[in-house]
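There are 2 protein chains.
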Amino acid sequence: MKKVQETDRVIRGWLEEVRMDVLKEMQDPLAISEKSSRKDLVTNIDKSNEKKLVNFIRQFDPEARILGEEGSGDVVQDMKGHVWIIDPLDGTLNFVKQRDNFAIMIALYIDGKGILGYIMDVMHDIIYGGGPEIGVFTDTQKLRTPDNLTLREGLLGVSGPMLVHDRYHLQAIDEASSGVRIIGSAGIEFIQVLTGKQNGYISHLMPWDFAAGKILSETLELSVTKVDGTPVDMLSSNDVLVSTRNTQKDIINMIR
Amino acid sequence: MKKVQETDRVIRGWLEEVRMDVLKEMQDPLAISEKSSRKDLVTNIDKSNEKKLVNFIRQFDPEARILGEEGSGDVVQDMKGHVWIIDPLDGTLNFVKQRDNFAIMIALYIDGKGILGYIMDVMHDIIYGGGPEIGVFTDTQKLRTPDNLTLREGLLGVSGPMLVHDRYHLQAIDEASSGVRIIGSAGIEFIQVLTGKQNGYISHLMPWDFAAGKILSETLELSVTKVDGTPVDMLSSNDVLVSTRNTQKDIINMIR
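These protein sequence lines map, in sequence, to chains P and D. Each residue of the first sequence is one higher than the last, beginning at -14 in this note's numbering. Each residue of the second sequence is one higher than the last, beginning at -14 in this note's numbering.
In isolation and in its complexed conformation, chain P is listed as follows:
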């Protein structure tokens, strides 16, 4: 395994390469299928992105075990050794309906420790990436730790269904915040929190939805836990809360 700095450069190169392919492939009609429901879609591009990323990773890291949303990786049942967790296209519904507001995400964990995470906002061509050893960077700037805002002081990203069904008293939490926002892509929501545009985000997420964002958020001293404040399980779905520490405290107090 190469040094973290070199790995960082290599991963950014993969993301740029996959992005160029996406922009080209978007000019042709998409092949769209439903997964669990008509609101849970997958396209030919989700699948081709994942195959490309799996190939890149296998060539680069012979020790890799790969957990990917579309299943072209490995069956990963523990976090031992080098575990790569990838979301080849996050926010597929946005991708299909908007051609905007979607992401590609890559995370590397070694023996359960987050080493490097990457969220690429494809249409804005910005990669938010890095980890505890090197900090979080875009191409042009180093991100600083967002202000430690309370719930009341900021905007909260939420899952639409969780808001409507008032999970965890989310409607009261909404009322206590400055307002809620719904974007429809976990990756883009994590970017909002990393850049201080929202002070938190709550949603039901799979490992590939939060693996990269968790590394980046924790590097910037944000908290990433289940909504009740307990640790997330890296290998299953969780109701995840990413937020400033003060917002996390406020939310945990409200759901008790």
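Be careful, since some hints might not be right.
The list makes no distinction among identical chains, and a pair is therefore deemed to hold if it is satisfied within one copy or across any two copies.
Restricting the straight-line Cα-Cα distance to at most 30 Å, the calculated cross-link-like pairs of lysine-lysine (DSSO-like) are [what the hints assert, rightly or not]: (1) Lys24 with Lys(-12); (2) Lys24 with Lys65; (3) Lys20 with Lys211; (4) Lys36 with Lys182; (5) Lys234 with Lys32; (6) Lys211 with Lys24; (7) Lys24 with Lys(-13); (8) Lys234 with Lys24; (9) Lys98 with Lys9; (10) Lys234 with Lys20; (11) Lys36 with Lys20; (12) Lys36 with Lys24; (13) Lys234 with Lys37; (14) Lys182 with Lys24; (15) Lys20 with Lys127; (16) Lys211 with Lys9; (17) Lys234 with Lys9; (18) Lys98 with Lys32.
Everything labelled a hint here was simulated from the structure, so no lab data went into it.
Given the coordinates of chain P, assemble chain D onto it according to the supplied hints.
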């Protein structure tokens, strides 16, 4: 009054000029006050933008009566003659909390007929503007009429409070759509509908929130009415639905 094409060029110039001022002023601390609540804010920049726009309009159009959000225009009680409706900074909460996702809007009505409308996405530096005589343009492209999607086929922008309080059965409408999104700026939501990224938007809006978007939307054969399908009142607040015609039909059927 000048020709529509010339007026179009002049208004785009004002918007670019005000935008440059906003970017400069954003580097200093904002002076923020609460209006009706802690979620309804106004800043020094809302006010200075409005003063600049009012000055531009008065110099350009001596017949102008001006309805502006911050009150530096006129008291306008009918739509006779030249009525300019301006929102100097739409999405002030986003502006304050995110420094992103806010708009400047200008509309010109003559004897109640929408002539020209402009929505500037300030941070992306894109003006969506025009009207029935010249079509809708950005600097680089002419917008085409969005596909006439049904409710089920697309994403719906909504007001957070209206969704939480289930106004107009909005939770069932959400369920019937492909999903809801919440951006927090009427101007940016109108842009999503104009560009086909959302097939509709529902919110409680003041005249300056929808005056420009209505002209642009109708030019692209989208419908702009109250949620029950009746005409909006240009001089008071309305629960507004902007959408494709098929989505409008679906929503009206659901709220009956």
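So, going through the hints one by one against the coordinates:
For the homomeric pair lysine 24 and lysine -12, neither the shortest alpha-carbon distance inside one copy (41 Å) nor that between copies (47 Å) is at most 30 Å. Taking the closest pair of Cα atoms, lysine 24 and lysine 65 never come within 30 Å of each other, the shortest separation being 34 Å inside a single copy and 47 Å across copies. In this assembly of identical chains, the alpha carbons of lysine 20 and lysine 211 lie at most 30 Å apart only when taken from the same copy (25 Å versus 36 Å across copies). In this assembly of identical chains, lysine 36 and lysine 182 lie within 30 Å of each other by CA distance solely across copies; the values are 28 Å between and 33 Å within a copy.
With identical chains, the CA atoms of lysine 234 and lysine 32 are never at most 30 Å apart, being 39 Å at best within one copy and 36 Å at best between copies. In this homomeric assembly, lysine 211 and lysine 24 come within 30 Å of each other (Cα to Cα) both inside a single copy, at 24 Å, and across copies, at 28 Å. In this assembly of identical chains, the alpha carbons of lysine 24 and lysine -13 never lie at most 30 Å apart, being 40 Å within a copy and 49 Å across copies at closest. In this assembly of identical chains, the alpha carbons of lysine 234 and lysine 24 lie at most 30 Å apart only when taken from different copies (21 Å versus 32 Å within one copy).
With identical chains, the CA atoms of lysine 98 and lysine 9 are never at most 30 Å apart, being 35 Å at best within one copy and 42 Å at best between copies. Taking the shortest alpha-carbon separations for lysine 234 and lysine 20, only the inter-copy value of 29 Å comes in at or below 30 Å, while the best intra-copy value is 36 Å. In this assembly of identical chains, lysine 36 and lysine 20 lie within 30 Å of each other by CA distance solely inside one copy; the values are 18 Å within and 53 Å between copies. For the identical chains of this complex, lysine 36 and lysine 24 are intra-copy neighbours only, at 23 Å inside a copy versus 46 Å across copies, given an alpha-carbon limit of 30 Å.
Taking identical chains as interchangeable, the C-alpha atoms of lysine 234 and lysine 37 are never at most 30 Å apart, the minima being 41 Å within one chain and 43 Å between chains. In the homo-oligomer, the alpha carbons of lysine 182 and lysine 24 lie at most 30 Å apart both inside one protomer (27 Å) and across protomers (16 Å), since each shortest distance falls under that limit. Within a single copy, lysine 20 and lysine 127 get their C-alpha atoms no closer than 38 Å, and across copies no closer than 36 Å, so neither meets the 30 Å cut-off. Proximity of lysine 211 to lysine 9 under the C-alpha cut-off of 30 Å is found in neither arrangement, the shortest distances being 38 Å within a copy and 40 Å between copies.
Within a single copy, lysine 234 and lysine 9 get their C-alpha atoms no closer than 45 Å, and across copies no closer than 36 Å, so neither meets the 30 Å cut-off. Taking CA atoms no more than 30 Å apart as the test, lysine 98 paired with lysine 32 passes inside one copy only; the shortest distance there is 27 Å, against 50 Å between copies.
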